[in-house]
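Assemble the dimeric complex from its two separately framed chains, guided by the hints.
If you read the sequences in order, they're chains A and B. Under our numbering, the first residue of the first sequence is numbered 1, with each subsequent residue one higher. Under our numbering, the first residue of the second sequence is numbered 1, with each subsequent residue one higher.
Calculated from the structure, these hints are not laboratory results. Check each hint, because a few of them may be wrong.
What the hints assert, rightly or not - These stretches of chain A come out as covered by chain B in the derived footprint (C-beta under 8 Å, 3 or more residues): (1) 49-62; (2) 118-127; (3) 203-211; (4) 308-319; (5) 322-329; (6) 345-356.
Please read all numbers here as calculations on a predicted model, not as lab measurements. Ideal Cβ positions, reconstructed from N, Cα and C, are used throughout, including at glycine.
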Amino acid sequence: MFPLSTLAAQALLIGGVSVLMAVMISVIDSIVNNYGDVQLDINGKKQVTVKGGSKLLGTLADQGIFLPSACGGRGSCGACKCQVKSDVGPHLPTEVPYLTQQELRENVRLACQVKVKADIGIEIPEDLFNIKKLSCTVESMTNLTYDIKEVRLKLPEGSDLTYTAGQYGQIEVPAYGGIREPSARAYSFASAPQEKDTLEFLIRLVPGGTVTTYVHKFLKVGDKINVVAPVGDFRVHDTQAAMICVGGGSGMAPFRSIFRDMEARGVLGERDIWYFFGGHSVKDLYFMDWLKELEAKYERFHFIPAVSEPGPGEVWEGKPARLIDVLAEKFKTEIPRELIKEGYLCGSPGMLDACMDIMRKNGMTDDKIYFDKFA
Amino acid sequence: MKMTEELKKAQANLVPGAIVEEGFLGHDRRPLADIIQHDEEAFAEHGLSWDAVAERLKYLLAEGEKGLGEPVTVEGKWRVFVYEARGQFACPWEDGLFHKDSVTVQRLENGHPVGDRLVFNQLCIHMLEKHHFLEGLGSSFRLHPAALRNVLNL
Numbered sequence: 001m002f003p004l005s006t007l008a009a010q011a012l013l014i015g016g017v018s019v020l021m022a023v024m025i026s027v028i029d030s031i032v033n034n035y036g037d038v039q040l041d042i043n044g045k046k047q048v049t050v051k052g053g054s055k056l057l058g059t060l061a062d063q064g065i066f067l068p069s070a071c072g073g074r075g076s077c078g079a080c081k082c083q084v085k086s087d088v089g090p091h092l093p094t095e096v097p098y099l100t101q102q103e104l105r106e107n108v109r110l111a112c113q114v115k116v117k118a119d120i121g122i123e124i125p126e127d128l129f130n131i132k133k134l135s136c137t138v139e140s141m142t143n144l145t146y147d148i149k150e151v152r153l154k155l156p157e158g159s160d161l162t163y164t165a166g167q168y169g170q171i172e173v174p175a176y177g178g179i180r181e182p183s184a185r186a187y188s189f190a191s192a193p194q195e196k197d198t199l200e201f202l203i204r205l206v207p208g209g210t211v212t213t214y215v216h217k218f219l220k221v222g223d224k225i226n227v228v229a230p231v232g233d234f235r236v237h238d239t240q241a242a243m244i245c246v247g248g249g250s251g252m253a254p255f256r257s258i259f260r261d262m263e264a265r266g267v268l269g270e271r272d273i274w275y276f277f278g279g280h281s282v283k284d285l286y287f288m289d290w291l292k293e294l295e296a297k298y299e300r301f302h303f304i305p306a307v308s309e310p311g312p313g314e315v316w317e318g319k320p321a322r323l324i325d326v327l328a329e330k331f332k333t334e335i336p337r338e339l340i341k342e343g344y345l346c347g348s349p350g351m352l353d354a355c356m357d358i359m360r361k362n363g364m365t366d367d368k369i370y371f372d373k374f375a
Numbered sequence: 001m002k003m004t005e006e007l008k009k010a011q012a013n014l015v016p017g018a019i020v021e022e023g024f025l026g027h028d029r030r031p032l033a034d035i036i037q038h039d040e041e042a043f044a045e046h047g048l049s050w051d052a053v054a055e056r057l058k059y060l061l062a063e064g065e066k067g068l069g070e071p072v073t074v075e076g077k078w079r080v081f082v083y084e085a086r087g088q089f090a091c092p093w094e095d096g097l098f099h100k101d102s103v104t105v106q107r108l109e110n111g112h113p114v115g116d117r118l119v120f121n122q123l124c125i126h127m128l129e130k131h132h133f134l135e136g137l138g139s140s141f142r143l144h145p146a147a148l149r150n151v152l153n154l
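In isolation and in its complexed conformation, chain B is listed as follows (with noise of 0.2 Å):
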């Protein structure tokens, strides 16, 4: 995939300090097309559509936003625990601006908490959707296609 000028452009936002202090790129040293394209085979790979993720993870967030700052169960499903930061972040690609927020999304099993934890933020649903950036390899809020598929029942 080719590095196109508005990928050249994302790339230099996602270091870190650029727009957050980790930045979005974990120790992944791939160019951002590369990251992207292999995440688009992954989606591929798992089945996953871009849109339903969205859909489900805006779903969750709005569910556990009604916790109001505390964990709340979903559907007896899912354990989602929003917690709400100061400020907004800018999208890499400068497309817009979005609510710091750090999003905690877990499978109940008998009510404990199993499998595979998601850490995203309104930022992360943004990219996922209009991107199909998922962040690097290491990233603190990488969604991994397999995890994705394995939390959210899709």
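If we strip away everything but chain A, and leave its shape as in the complex, we get (with noise of 0.2 Å):
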């Protein structure tokens, strides 16, 4: 048995020395991490002074400044791409696979993944200067079926937000559970921009998924929530060709954007719209009665539901199949061949593929076909 002076001793000196070890190794990393100022060039436009040491994604961030992120900076998404002017040496592992051979020679790089060390130059697009974040207060969470709930935010005051109907915004929920930082993921405007104090997000349940899990079971109606907005050019065009547009599940989103967006603008009767929205049962569809609504009052909106399985017990009218199995069929028998069209997209790559290949078969061109991909 030692004394318990003996042991409080030898307790006292592993914890001094732990305390002396952990300021050394703080004092190293201040030395051999600290990059101290650098300058920071934007377009050959802006010049700032920045702290040397972070990742070019967070650096920018703390500038007011918002590339599109999908990850949360990570490198898993890719999307947070820019190009520098400077050396920052070579492309790292983690972004090649994101970048096409020209993104790789003209040095585009992912600023989640490089690190600002000297001054730097880098060239942006300028609408990216539009993006905000704004602290916004859950208004209310309707659920719309059994795994998308109606996320409906309320913009803070003096906040001047102005988007256009099929943008995005990315919506950041803080540390929850066994995640330690705040995650952050891409979600298409449900609302029309005509509504200027509101936002509102279809976010459907990703099993796994770190932010849908925290929308559906801990947020709540009161809570404050980030948004980083807008971002994306999925747009309609202004043209007057029929709209052919495709978008199940949560992918409705930037539809009800954009035809409230149209009915609020007095336009959407002056084009032809077909708009296919389907799901696996019946249980899966939800404002239906808006969508009939539309179809009633506007002669040249055609809304066309599809359901692949119904479940045991439901009634449905039609003949069960899949979306894409319907849209084809439309076009052999409703969609007139000599209308000029544009395809407007919202899904999967699986479903934006499946559907692109309809739309080809059908006599339309890939440059009048948009579409907002969710990976």
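Printed below as a string of structure tokens:
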């Protein structure tokens, strides 16, 4: 047995050594990783002095400049691309899979992977300067289906957010459970741009999804939540071409925004629109009354719902079919071939590819097919 | 089982924030070597083959992808839902990149989903097949050996 005083002395010694080592590590880190102030040149027009040592994505965010990012800066989405004009070293293995050969040649980088160590010049699209981080308040949450929620957020006073129907926002949720840092994901607006003080999103619960799990299980009315917006270039093109729109599940969100915007501007009845919306079973469908009302109100608006496998006991008047099969069928039977058409798609890569194949087979060209890919 | 340098490197990549926000270990505090060894024993107890499980998961993933973002019924036995998300994950063993997706599989009885639910992605299949790693206890994407046996009919 050791006397208590000896054990206490040993514990004190170990504790002291630990503290000393922690201080030494901190001092060494501050010396080795102290890059001091560096100059950040943006588009050759804006120069700011920033503290070196952080990732470019975060450094820009600190300056109020938000690049698109769907993974919260972990190098797993490839969205935060920007052209770097100065030498920041070779591309990292984490960047290469997301970049084309041309982007590699032009030194396009993922901002979340580039560390700002010295003066740096970058080129970014001018419209990114309009993106803001907004501290919103959850106004309402409505279950549209068993796995899709409508989340309505109140914008902060005086935020003056201007966006185009079809764009999206990045919702940031705080650390929770085993997740130690805030996480952000991109979701299309479902609200109309004319609603100046609110934003709406349709969020589907993804099993194992970090942000969707938080939204569905923990987020509640009255909570504060950050949204980085507006982002994206999906929008309706100002032509008279017929719009062939496809968006099932939560892929309805941009179309809800687009149709509400067109109605508010009094142009919804001015061009032919086919909207294809579907789900696995009847319980996956929502906003059906609203869409049927639009169809009844506007002669040129055609709403085509689809259900692939009605559940036991469910009543579905039409023939069960996948959304893309219904799309192919309507091209044969209902959509006039001679019409000039534009495609508008929102959904998973597989769904979009399948829709594009059908559209090509029916005389549409890729340059007239616009999409908002989930992935 | 010994923690090799390879396993030590992988374990560093399994913590929250290294590759994915949640990490791969859940609330499991055991060394990676112990987690793998325990699951290898459990696989043997349940009479499961790593290759057969991986092949069945790949098959269900491929069938589920045909749903194009909506659930599908496979062979009248399983309800499979594949959600594709943007981007890719690196394997913690640093031997590949895998598309981010979320696959949910449940067994059907009289058209209704019943029993255990498997949630996995392409990286899970790779880690199961190549590294015998099913993720730690409490991880959202952990594949419990008993649940694999029950759901996959193996």
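Given coverage of the region 203-211 of chain A by chain B, tested with a Cβ cutoff of 8 Å and a minimum of 3 residues:
Since 6 is at least three, the answer is holds.
Counting residues of the region 322-329 of chain A that have a beta-carbon nearer than 8 Å to any beta-carbon of chain B, does the count reach 3?
holds (count 3)
Given coverage of the region 118-127 of chain A by chain B, tested with a Cβ cutoff of 8 Å and a minimum of 3 residues:
The restraint on the region 118-127 of chain A is violated, since only 0 of its residues have a Cβ under 8 Å from chain B and three are required.
Whether chain B covers the region 345-356 of chain A (at least 3 residues having a Cβ closer than 8 Å to its Cβ atoms):
holds (count 6)
Tell me if chain B covers the region 49-62 of chain A under the three-residue, 8 Å CB rule, please?
violated (count 0)
Closer than 8 Å Cβ to Cβ for three or more residues is the test here. Does the region 308-319 of chain A pass it with chain B?
Three-residue rule met by the region 308-319 of chain A, so holds; n is 4.
In this structure, the earlier hints numbered 1 and 2 are contradicted, and the remaining ones agree with it.
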